[in-house]
Amino acid sequence: MDRQTIPGSNLVPFDFDRDMESVLRTWSEAGWWDDEDAQKEKISDFFMANDGRTVVGLIDGSAECVVHRTLGTVRYDQQLLSLGCVSAVTTSRIARRRRLASRLTARTVAHLADEGCAVAMLGMFDQGFYDRFGFGTGAYENHAWIYPGALAVPAPYQAPQRFDLDSDSEELHEAMASRLSVHGGVVVGGERLTAAGMRVDDDVSIYGYRTDGQISHFLAVVTTGEHGPDRITQWAYQTPEQCLELLRLVQEWGDQVDVVRLTEPVWLQLQDFIVDPGAQLRRTKGSQTGALRIEADAWWQARIVDLAACVEAMGPVDEPFSVVVRIEDPVEPHLVNSGYDGDWNGLDGTWRLSFGATHTAERISDGEPIDLETTINALTRWWLGVLPASTLVAMGAFECTADTADRMDTLTSHLPKPQPGWDF
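The numbering used here puts the first residue of the sequence shown at 32, with every later residue one more than the last.
Mixed in with the good hints there might be a few duds.
[What the hints assert, rightly or not] Okay, derived cross-link-like pairs now, SDA-like style, lysine to any residue, Cα gap no bigger than 25 Å in a straight line:
1. Lys316 to Val306
2. Lys71 to Arg262
3. Lys448 to Pro271
4. Lys71 to Leu55
5. Lys448 to Gln245
6. Lys448 to Leu211
7. Lys71 to Ser236
8. Lys448 to Lys316
Calculated from the structure, these hints are not laboratory results.
Turn these sequences into a full structure, and let the hints guide you.
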């Protein structure tokens, strides 16, 4: 594809001095910034910590669309893979219908491929837009609103320490990086980005504990008013026992705070620690601030960028087999007029996936009988263990025989539900 047929010169790398004020205006129009000076500084810190991995769309010399990317790792089963996170996709009110966000997002995914990422992930504002770049929807996560005083956590109370994003940022990032990580768990960026990311939304307080002199487990909380609701925006722990110690800390807030919102770790159920949860639900039903409830949603999406690396990371199978897959990758048309001048065109084409003691993925010529037809979106969801192949067949996202689906599901049926554990 000749991407230079239509010049992409209005899509350029972010320049802090030239673009920061325009980006702030765009964030204001999107409702992400309320023009407070303190928050302006936090957002600026976020982009300064980005290490040059942001691209913008210029209209009359002003940045009217912005897409940020950050490198990291994602845990796949027991292995770590290289990850690229796409974030802060924002478009101003005058830049709509110009395909700026589409072209910049596609370009960003291509840059992540060039930078060696096996997987790309992002947080979605709604399901649909990012499908056009090959992203598939992730697993549900449970978000709980609880009254702290109703908790009965089986852990002794320990007085916490207060931590600071300025003086403790390196330790806090290390605590996040070394936290108890599950399948799908991510680590993004370095200490500057971790601190900037925690700051960017609201004033945050951080409480936790040290082990052997180092921060080992903590939670970051945003407080609203005298009685809440409080919102735990981030937490890290190295063992299940440390997680319970943090929940025991939250329990102590019950003499003042009416409700705390937090994301439930994938390996436990918070309802197990609530006294009389059924009665709590009935008594608080209809309350605007103090209602006990647990809601689920899928807020993130992922896509395979390096198919060979992702297939290689899968666990071995006892009986070797191969699948010839025709993959549709919708990202390539969006690279036109994006300003991207690299060689990555997406994963569209015919591939042979070979599974055994080790696994391989190779692009092959058309002409061989096809065992599976699918999109990179759906293939990513199967690979991550979000949905089994049999379900994707029923949805029409996989076109293959029941035998092929069953054999593919032997590779992913053991995977737990993926959970990133990091807000991006």
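Results of checking the hints against the structure:
1. Lys316 to Val306: Cα-Cα ~16 Å, so holds.
2. Lys71 to Arg262: holds (21 Å)
3. Lys448 to Pro271: holds (17 Å)
4. Lys71 to Leu55: holds (7 Å)
5. Lys448 to Gln245: Since the Cα atoms of Lys448 and Gln245 sit roughly 30 Å apart, the hinted pair is violated (cutoff 25 Å).
6. Lys448 to Leu211: holds (15 Å)
7. Lys71 to Ser236: holds (19 Å)
8. Lys448 to Lys316: Distance of about 29 Å is beyond 25 Å: violated.
Checked against the numbered hints above, the structure violates hints 5 and 8; every other hint is satisfied.
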